[in-house]
Structures are given as structure tokens and as C-alpha cells.
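> Below are the chains, spelled out letter by letter.
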Amino acid sequence: MNSELLKQLKCKTINIRRDIITMLEESKSGHPGGSLSATEILTYLYFKEMNIDPKDPQKRDRDRFVLSKGHGAPVLYAALANRGYFDKSELMKLRKIDSMLQGHPDMKGTPGVDMSTGSLGQGLSAANGMALAGRLDNLDYRVFVLIGDGELQEGQIWEAAMTAAHYKLDHVTAFLDHNHLQIDGLNEEVKGVEPVDKKWEAFGWNVIKINGHSLEEIESAVEAAKLVKGKPTMIIAETVKGKGVSYMENQAGWHGVTPNAEQAKLAMCELEVEA
Amino acid sequence: MEIKNKPTRDGYGEALLILGETNKNVVVLDADVAKSTRADWFSDKYPERFIDMGIAEQDMLGTAAGLSIAGKIPFVSTYGVFLAGRAWDQIRTTICYSNLNVKLGGAHGGISVGPDGATHQGLEEVAIMRVLPNMTVVVPCDAIETKKATLAAAAMYGPCYLRFGREAVPIVTEENTPFEIGKGYVLKDGKDVSIIANGSMVFEALRASEELQKEGIEARVINLHTVKPIDENILIKAAYDTGAIVTAEEHQITGGMGSAVAEIVSRNQPVPIEMIGIFDTFGESGTPDELMTKYGLTYLDIIKAAKRVIERK
Ligand SMILES: Cc1ncc(C[n+]2csc(CCOP(=O)(O)OP(=O)(O)O)c2C)c(N)n1
Ligand SMILES: [Mg+2]
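First to last, the sequence lines map onto chains A and B.
No gaps in the numbering here: position 72 of the first sequence is 72 in the working numbering, and each next residue is one more.
Each number in the working numbering corresponds to the 1-based position in the second sequence with 275 added.
Derived by calculation from the structure, the hints in this document are not laboratory data.
From the three backbone atoms N, C-alpha and C, an ideal C-beta is built for every residue, glycine too.
Heads up, some of the hints might be wrong.
25 Å max Cα-Cα, derived DMTMM-like pairs, lysine to aspartate or glutamate [to be verified]: (1) B:588 / B:449; (2) A:93 / B:565; (3) A:28 / B:315; (4) B:588 / B:507; (5) B:347 / A:56.
What the simulated footprint calls covered on chain A by chain B, stretch by stretch (three residues with Cβ under 8 Å from a Cβ of chain B suffice, anywhere in the stretch; the number is not a length) [stated by the list, open to error]: (6) 35-46; (7) 51-62.
Using the sequences plus the hints, can you model the full thing?
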């Protein structure tokens, strides 16, 4: 990635993080931690990688993105708005009555949302289905899916892992948002998920481990995944829950709590400095 | 009258603390939402009898089945959509078929869950739980009644589903109000129409009856906290005495408490019925009050339904 593009994308991540804070301060309900941890991944996908057209959200051969951890809706909405799918003013209506931006992604109501989610553990199966359809239709689109590490505790994830490997779904690229936290605390305290790399390898996947906040590492992993034939790829992205806002970082308590005006101001200052 | 508000889930948490003390066989399982269900009150005090299953509802119900076979009394809680919905087959075939002694605490029932939106608003649990043989289904109306229902669930044998809400709702019962699973009760007598409600709609029903009174309409208000086994006597008597029924619940009309009432009344003492509930649609994000209004779940809607049903007598 050349330095100009890197600069542009970094700038996008800051804008998206700022939007996440602003919309959550306004909605007074929603999930900051898991939105901030996935910001680089969504920024890379929506601004560099995916073959998509905001003017034609239903384009048949588009790449698709499934936010399996649907509570991360704020980062998805911020990415879509910044990418031009809808006006940024919509972000201020997050979770409000009659809004197109529901608490969890609603593919029927929001342009650019490829799959409705919110009940954890179901997104990878849907991504597999989209990839199987693409194969049947001779369309070359890729399907990206973002899974939470707590979400790995759902059995359906592992059913879907077997499906993708069995059907050699090399057009499926999954990201694990490995922030080590869920609601009740650390994954390893609630119910251990490690070793995640060995588990996915054993399930027949190509596994790549990266720093999930490095746009360059995300790029090389996504490119590497495209070269692998006959296997789906799991990109294990090591991330920090609440990344970018000091008092939210690595705090389980900021999973589903929103910043008040003062806290939001502080967050915006921190996100200014980085720019 | 001064009205105190409290979420029904608090009653679940309080009862679990009592059970932790009085019954060593009680164990509590939760699926990464213990703070929301109030199961964390139990886990703080009795960590060795609390099992956090992580985000694995199906596994949680199967584990509870095993615990009960080995003599424990598992209380299993998470949001109702994921408890009754995600693990329905585990509840049906692993628990109900063998009539295992597993208690289900379904939190976040109803559209008043609010901003989380459709995916988290349980609007179908009563229907899909009451259809199961051996299952008992209770929808308490306030925190006090939830506490009693939870204790009563521990005292009976067999699978039992308790449904509670997220928001603070008015306390309408008292510590000494009688409570028995399977027995509804009359909160206020009347001869012109019967309003049969449960959960958060009991308060709305009482409020509707006060307004109707001002217009000279005497409404009987019945708290039908237990949807299964249903109290046939109180329903048949209400139909006979008042000749018209309004049901009110924070749940899909299809298959819910209103349907259960109609199943009894239509076979025994047919009278016109109007139903207040969700009409075959999903919810959406919004504040609890906005949603209750938009989806027709307030005392005003009950008043209109009462007048309509009286017209049809
Ligand atoms: C089936 C299901 N069970 C429970 C929940 C409630 N819930 C929402 S987010 C969450 C924790 C998710 O943790 P993780 O997957 O690690 O996400 P992240 O840390 O990225 O926010 C839970 C339990 C849900 N949405 N769906
Ligand atoms: Mg996590």
C-alpha cells in the first residue's frame, strides 16, 4: 500500500471512529467497544477492497460483507455513510423510532447492509450460502464476514466452519475480531476459546494472524487469501476492544454502554490528536 | 396512589438469592448476559453453583438437562429470543419430552426492550413454549410477582418458562397478594367486560378500567399470569358473567395468551373477544414508550377494544 493511500485510509478510520462516538452519544444506547475494535477492518474493506457501488447497492456481482457480530452495527453504519450509501445525518437517528438504522443491522431497511444479524453465531452460515450461490451463478464475488471471539462459543460457527471447508469455499474470507472480551468479561474466564488458530486450522481453513489495527497487515492478509484455492481463509485479527478511546480500551464495561457528553468530548479530543 | 417502578427481572434475581440460601440443589446457568438477567446477583454470592456457559444457548439447555437428571434444579437464563427461540429443539426434545426439572428464565420479553430492536425483542416465546407438552408458562406482572413465580417454579416439578421484561414497570401486587401457578385472579371486579392481561399489560388494564369506570363501564380485570396450565374456571366465569372479553399482552396475537384464552372460551362459553398485542409483525428500535404507543399496547388501546367488544355483545 503506498503511503498516500495509507494516509487516506488512516484518516477514514479516524472519521469513522468519531462518527461512532457521536452517534452513540446521541442514541444513548448501543455498542462502542466492538465497533471501535473493528474499525480498521471495515475501513479497509469498504474503502479499498470490496467491489461495491453505493449508487447500486444490490449490484449482482458485488462483494458482500456480513457483520455476524451484529451489535457492531455502529461501525458498519459509519462505514456505509462515509462511503456514500446514505446521508451522514442518518447516523444521528441510530436506534430511534422510524429510523433506517436499527439497533442491529437490517438488510431490508438500510442500503448497503447485505445481511440482517443480531443473534450471534449465524453470519458465517449465511456467508457460505452467498458464496455457494456465487459459484452456481458463475459470479466471482467474494464474501467477507466478521465474527466476534465470544461469538465463537456458538456451535453454529463450527458447523459453518465445516461447511465452508467441505465445499472448498475459497471465496469466503472471515475475520475474527480477537479483542479477548465479551459481555461478562474475558473470553478465557467466561468460557475459553483458545487456541483459535489451531482450531480453525484443524477445521480445514487457511489461517492468517495479524494485528487487526494495521491497515497494511489487513491488506496483505486479504491479498494472500485471494491466492489460496480450495480453502476458506480465517484472518485472526488481534484487536483492542474500544481501540482509540483510552478509557474504553480493554474494558469489558464499555461493551454496551454509551459515552455521556463529557466522555464523548474527551473521546473526540483523543481522536483529534491522532489525526 | 403512589406508584413504584421496578423491572420484573429484579424479582428473578431476588428469588435466586433466596433459593441459593434455602435449596442447595439450585444451580444457575447463563449465556454471557448474567448482568442483564440478574443471574449475576446469584453468581456473586454462590459462585460455585453458577455456571457461565458463554454464548452457547443450545449447549446451555442440554447441560441443564444433564444437571437435572443428576438431581440438580437448574435455573437457566438469557434473553427470551435466544432461550426459547435458539434452543427450542433442545427444550422440546431433550427437556420436555422427558419432563425434566429445568427452569427457564426468559429475560427481555416484549417490545418494551426498546432500542436494541427486533432481533432482541421477544414477541413469540409464549406461543412456542406453551405449545410444548409438560411445559408450564408464567408471565408475571411486576417484580414482586416475578419473585413469587420464581420461588413457585422451584417448588414444582417439571419444566417451567418464566418471562420477564427489561424496563421498570409499576408494582401492582403486594407481598401478601396470593400467587399460585395455574390460578389467575381478579384484581378488580366488573360486569360489563373482562380485561384479561399479563406481564406489563396488567397495569395498563387497571388503568383502562379506571377510565372506563368514569364512563360508567364496569370492567373486570384479571391477571392471567399463568398461560399454561391455564385457569379455565376463571375464564369461563368471566365469559359467563360479563359476556365480552379483551385480552392484553406484550406478545404476538398469534399463539399468545389471547389465543390460549380463545381456545378455552370458544369451546366452553363463546363470547366476543378482542385482542391487544402485536399483529404479525416484528418490532423495531425506539424508546419503550414510543413502541408501546406505536404498536397499540397502551391503556388507550384497551379502552377502545373494550368499547368495540361491548358493541359486539
Ligand atoms: C445468540 C445471542 N446470544 C447472546 C447475545 C447477546 N450478546 C450481544 S453481544 C454479546 C457478546 C459478544 O462478544 P464478542 O463476540 O466477543 O463481541 P465483541 O467483543 O467484538 O463485541 C452477547 C452475549 C446475542 N446478541 N446473540
Ligand atoms: Mg470479543
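> Hint check: residue 93 of chain A vs residue 565 of chain B, CA-CA at most 25 Å. Holds or violated?
holds, 14 Å
> For a C-alpha distance cap of 25 Å, please report whether residue 28 of chain A and residue 315 of chain B respect it.
Status holds; Cα separation ~24 Å.
> Would the hint linking residue 347 of chain B and residue 56 of chain A be met if the CA-CA limit is 25 Å?
violated, 57 Å
> Taking 8 Å as the Cβ threshold, is the statement that the region 51-62 of chain A is covered by chain B upheld or broken by the three-residue rule?
violated (count 0)
> Counting residues of the region 35-46 of chain A whose CB is closer than 8 Å to a CB in chain B, do you get three or more?
violated (count 0)
> Given the hint that residue 588 of chain B pairs with residue 507 of chain B, test it: the Cα-Cα distance must not exceed 25 Å.
holds, 21 Å
> What's the verdict on residue 588 of chain B and residue 449 of chain B, does the C-alpha distance respect the 25 Å limit or exceed it?
Roughly 34 Å separates the two Cα atoms, so the pair is violated.
Checked against the numbered hints above, the structure violates hints 1, 5, 6, 7; every other hint is satisfied.
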